[in-house]
Structures are given as structure tokens and as C-alpha cells.
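Chains as they are written, first to last, in the UniProt record's numbering: chain A, 1 to 348; chain B, 1 to 228.
No lab work stands behind these hints, which were simulated from the structure alone. It cannot be assumed that every hint is accurate.
Chain A is faced by these chain B residues, among others (derived, beta-carbon under 10 Å) [claimed, not checked]:
1. His65
2. Ala68
3. Gly183
According to the in silico footprint, chain B covers these stretches of chain A (three or more CB under 8 Å from chain B) [claimed, not checked]:
4. 210-218
5. 229-237
Listed next, with one range per pair, are the computed distances between beta-carbon atoms [claimed, not checked]:
6. A:Arg297 <-> B:Glu218: 48 to 58 Å
7. A:Arg179 <-> B:Lys200: 31 to 41 Å
8. A:Ser250 <-> B:His80: 18 to 28 Å
9. A:Asp88 <-> B:Arg169: 32 to 42 Å
10. A:Thr191 <-> B:His80: 13 to 23 Å
11. A:Arg305 <-> B:Lys200: 53 to 63 Å
12. B:Ser201 <-> A:Gly217: 18 to 28 Å
13. A:Cys49 <-> B:Tyr104: 50 to 60 Å
14. A:Thr180 <-> B:Met216: 52 to 62 Å
15. A:Thr180 <-> B:Asp197: 31 to 41 Å
16. B:Ser201 <-> A:Asp94: 43 to 53 Å
17. A:Asn275 <-> B:Glu160: 50 to 60 Å
18. B:Arg169 <-> A:Glu294: 24 to 34 Å
19. A:Asp88 <-> B:Lys207: 57 to 67 Å
Heads up, the beta-carbon is just placed ideally off N, CA and C, and yes, glycines get one too.
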Amino acid sequence: KRSIDRRRRRRRRRRRRGGGRRRREGSDQTRRFFFWRTRRRRQGKVVFCFLFFVLWGWVDQNKRSERDHEEEGSMLASERKPQGFDFDLCKRNDWLEKQGLKTLKPWSTGTTICGVVFKDGVVLGADTRSTAGETVADKNCEKIHFMAPNIYCCGAGTAADTENVTGMISSQLELHRFRTGRESRVVTSLTLLKSHLFRYQGYISAALVLGGVDCKGPHLFTVFPHGSTDALPFCTMGSGSLNAMAVYESGYKEDMTKEEAMELTKRAIRAGIFNDLGSGSNVDLCVITADGAEYLRNIDMPNPRTFTAVPAPFKIGSTPVLKSKDLPVPSLETQVTVETTATAMDMS
Amino acid sequence: MNTLKGTDGGPHTGTTIVAVAYDGGVVLGADSRVSTGTYVSNRASNKITSLCDKVFLCRSGSAAHTEAISDYVRFYTSQHASEIGQGKEPTVKSVASILKQMSYSNKGLMAAMIVAGYDKKMGGQVFGSPIGGTMVEMPWAIEGSGSTYIWSFFDDEYKEGMSREETERLVLEGIAHAMARDGSSGGLVRLVTVDKDGAKSQVFQGKDVPMILGDMAEPKSNAATVVW
Chain A
1 KRSIDRRRRR RRRRRRRGGG RRRREGSDQT RRFFFWRTRR RRQGKVVFCF
51 LFFVLWGWVD QNKRSERDHE EEGSMLASER KPQGFDFDLC KRNDWLEKQG
101 LKTLKPWSTG TTICGVVFKD GVVLGADTRS TAGETVADKN CEKIHFMAPN
151 IYCCGAGTAA DTENVTGMIS SQLELHRFRT GRESRVVTSL TLLKSHLFRY
201 QGYISAALVL GGVDCKGPHL FTVFPHGSTD ALPFCTMGSG SLNAMAVYES
251 GYKEDMTKEE AMELTKRAIR AGIFNDLGSG SNVDLCVITA DGAEYLRNID
301 MPNPRTFTAV PAPFKIGSTP VLKSKDLPVP SLETQVTVET TATAMDMS
Chain B
1 MNTLKGTDGG PHTGTTIVAV AYDGGVVLGA DSRVSTGTYV SNRASNKITS
51 LCDKVFLCRS GSAAHTEAIS DYVRFYTSQH ASEIGQGKEP TVKSVASILK
101 QMSYSNKGLM AAMIVAGYDK KMGGQVFGSP IGGTMVEMPW AIEGSGSTYI
151 WSFFDDEYKE GMSREETERL VLEGIAHAMA RDGSSGGLVR LVTVDKDGAK
201 SQVFQGKDVP MILGDMAEPK SNAATVVW
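With the sequences and hints as input, model every part of the structure.
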């Protein structure tokens, strides 16, 4: 063993004594071989790295288009993702409610709305009670919405839905008026409403009575939340619709005058106000003729406040005065100057 | 009156619709009742809608679905009519095919319909299209909830080679029989007759509708069938 160690030490010493690395001198051929071998190896490494990045980029491109298009889905009906409302959070909301979180109830216009066609136009009527569950949320809300200068729409169902749907279609009608340069037709607003509601398959809870007068005469339609419509000479919607319909069925006749139609509609809405718990407060009317629309807000108020709050009167001197101090009020001078521009704005 | 409810399906044309072909045209008939649950939301509706000049569609099932389908089919039919050229009219079969493709591709729709009309090539034709998207040419077709009560009536009474008046009478009686027994059918009876000269529509109510009494004694007035 000792001899082996000595041999090893001698070899190490010999190597160190050599100075730097002592290479065996090879021939030209071997030198050229080694030179090109290292060169090729380096090139190979470069090419390999290049190809690696190219491949990575290509795979990533494919993955990116997959990422971008994963929402589109396929054309097959079976593979298509469901469109429309997303109800994923409903389970979470139910769980939160069970934990005790009180959710806001949506305001509903449990309501009586109606409309009737008379000789020269249409009369629309509505009550003014808005409920959130069993509480009255708004004692005097407006249920007759503006659609166009010659078209108005009463809304029953969820207040948010009716207001937003009528507002959206009203804007679309205005843009259409700018585009065509003509008065809006009632059937245009009917088609816009029904196609919007049908797309949402009844989840937009808006039951509407649409009435107006256009170049073709007076029109009255009902629109149901699922998107079906009816064209009728008189119609009612809402929770008080049966009450109002009873009045209309017994009182309607063809070619009524404006006053007769208004009186009949007021009676119909009153029937809803007094016999239906979801309707109440006052009567709104809207009379539309070829000359224009008259919005009669709170034309009938059959539910005045019985007892108003009156502060209890106290005799002067019933409260003893301990100290009094007079403070001077500084005099305030206000001056308003109106500047008129040199040339008035041209409004032509 | 209350908070958001789940959808209840909406108005339904629980109905009776009939179409019978005769030599020279077709007669389509329907009642006029549209119900939302147990409430009749429209007692005078028109369930026979025109798709083009000489082709009509009888609708039954969900009111919203059938109205939407008929709007689409009317649009595609008018496009087709302008494509085939000014002198030609769309055939009943091509209109029925358009309807069938819509019905078959959208299986969620609750729509049972009858397409009927007249064209120069084949005369009067009736195509029945129940729920699902089938389309079958038949000499007569009935659909709707009230149709179950009048299958035997039509099986017995239909004869080939009837005249126009006989066919109209047959359709009117059939619908009257269905309205007498089906709660979802009632109101007026609307008839549309289509022949080479075009379409003519009629409305029957009150004493014009045959009274189907069965064992009942004859009433003093026929207020039950009067709509206004």
C-alpha cells in the first residue's frame, strides 16, 4: 500500500512540475480535428438553443389561440355553452342567506295597469304603489313610461326591469327617429320590446301595456315577459288586472269619447286600487291622440292621508328661560351681475 | 304582487287548430283563446298568421315561441320570395321546409303548428308540424289541446272531393266540437280560405257557431259563444 501511495505522490509531483498543463504535441491532422470538433459543438449548441426557442414560441402561439377562443365554444349545439343569464352565484347567495345575511328584496310593481282605445286615440292608466315584499316601497311611483312623444308604456312586474327595458327601447326609438326622420310607429316599439324580452326567455319580468297613436291610427298592445304580444281594444296587466278587466268588460263600447274613456279607465284603476293589495294610492292617466300626449299625473287621489302629524302645542312660557344673549347679525349685501355677450347665440 | 318568481311559462295558446285541403285550395280554422294559467289573457286572438300571400300558419303551444318562429319564418320566406324572381311565388313545401328547419334545430321550443296554403304547382296543401320538428304532408291536420277530442270526428267526416263550402262547414263544426269539450279552447272561430285568387278570412261567433249540446237542453240564448 505504501508503495502505491509513493507512486501516486511521484505522479502528482511530476504533473505539477510540468508547469502549466502539459499537452502532448499532436500532429496537424489531430489539431485540425480538435479545432473543428469544438467549433461544430458550439454551433450545434447555438442551433439547438435557436430551435428550442422557435419550438417554444410555436407551441405558445397555439396555446394562445386556444386561450383566446376558449370562450367562443364550438358550433355544435351539444357543446355550446349556455348563453343568457349566469346563475352560478345563486347557490352562494342561498348559502349566505342561510347564514343570516339579509338580502334586499327587489321592488315589484304589484300593480294595476290598463289601456283602452277610444275614437281618436288611446287612454293608458296606472296606479302608483310600488311594493318590496309586503311593504310599500314607494307610495307614489310613476308607472307610465315615456317611449316616444306619441307612444307611452305602462309597466308591471319588477320595477327595475320595466324601467330599464322601456328606457332602453325608448333610446333605440329616438336613434331610429334621427335616422329615418319620421315619427316612431307603435309596432316598431312593440317589435323591439318583444324581441328583447323573448331573448331573455321570461327572466326579465316586465309585463307591459303599450299604447300610442301614429300615422296608421291608435294602437294598443300588451307585452308579456316571455315575449308574446296581443293587440286588443282594451287590456289590463298586473296583479290587479282581473279587477280592472271586470270594469272594462262591463263598461267598454266602441268609439267612446275621450271623457268616457278617461272615466272608464279611472274606474278600472280604482277597482284595482281598492280590491287588490298590490295596488294602491293614486291614479295616473295618459291620453294620447294624434295631436300629442297628455300625461295626467295623480289625476285622481282617492287615498288622502287621514291623520297628518301635528306637533303638540305648548303654552308660551311653559319652558323657563335661564339666560338670554342678543347677537348682532351682520348685514349682508348680495349683488348679482348679468353679463350679456356682444352677440346672442344663434339658435336657428 | 310579490318578489321575483320563477318563470311560469307565460301565455299558452291551449287551443284547437285545423287545416283541411280541398280541390282548389285549403281551409284553415282556429279558436281564439289564449290562457295564462287559468286566466284567459286574450279571448279574441288571431292564431292564423300569414307567412306570404297564399301560405298561412296556424299556431299552438307557447304564444311567445310561436310568435317568434312565425316572425323569423315570414322574414326568410320574403327573402326566398325575392330570390326566386318576381313572377314566381314560394311553394307551400318550401315555406314548410323553412319552418321545419327552425323547429327541428331548436328543440327547446314548444310549438305545434300547421302550415297550409295554395300554390300553382300542387294546389292546396296542408303540412302538419307537431312539437319536435316533423313535417308531414296530409290531406287534413289538427293540432292543439282541443284536437284530441276531434280525431274521430275528422276520421269519420272527412271525404275526398269536397267542395269549398263543405270543407268550411266541416272545419267550423270540428272546432265547435273541440270548444265544447276542451277548457283551453273557446271564444271565436276564425276561418281562412286560401285558393288561387288569394286568401279570405271569416269570423264566427254567437249563433253562427254550431251549438254542440249533446244531452243538454237547448238554452234560451247562446251567450256562451258570444265574444262581444
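Range agreement (Cβ of Lys200 of chain B with Cβ of Arg179 of chain A, hint 31 to 41 Å): Between Arg179 of chain A and Lys200 of chain B, where Cβ atoms are some 38 Å apart, the hint holds.
Hint check for Asp197 of chain B and Thr180 of chain A - Cβ pair distance inside 31 to 41 Å: Given about 36 Å between the Cβ atoms, the range holds.
Evaluation of the interface hint that places Gly183 of chain B against chain A, nearest CB under 10 Å: violated, 18 Å
Supplied distance hint 50 to 60 Å, evaluated on CB atoms of Cys49 of chain A and Tyr104 of chain B: holds, 57 Å
Hint check for Glu160 of chain B and Asn275 of chain A - Cβ pair distance inside 50 to 60 Å: Distance hint for Asn275 of chain A, Glu160 of chain B holds at roughly 56 Å.
Thr180 of chain A versus Met216 of chain B beta-carbon gap, inside 52 to 62 Å or not: About 57 Å separates the Cβ atoms of Thr180 of chain A and Met216 of chain B, which means 52 to 62 Å holds.
Interface hint compliance - Ala68 of chain B to chain A, C-beta minimum distance less than 10 Å: Constraint on Ala68 of chain B satisfied, holds at 5 Å.
Whether chain B covers the stretch 229-237 of chain A (at least 3 residues having a Cβ closer than 8 Å to its Cβ atoms): holds (count 3)
Consistency of beta-carbon spacing, Arg169 of chain B to Asp88 of chain A, with hint 32 to 42 Å: Violated, at about 58 Å.
24 to 34 Å as the expected CB spacing between Glu294 of chain A and Arg169 of chain B, which holds or is violated: Distance hint for Arg169 of chain B, Glu294 of chain A is violated at roughly 50 Å.
Hint status (Cβ of His65 of chain B to nearest Cβ of chain A, threshold 10 Å): holds, 8 Å
Given coverage of the stretch 210-218 of chain A by chain B, tested with a Cβ cutoff of 8 Å and a minimum of 3 residues: Violated - the stretch 210-218 of chain A has 0 residues with a Cβ nearer than 8 Å to chain B, which falls short of three.
Comparing the model with each earlier hint shows violations of hints 3, 4, 8, 9, 18; every other hint is respected.
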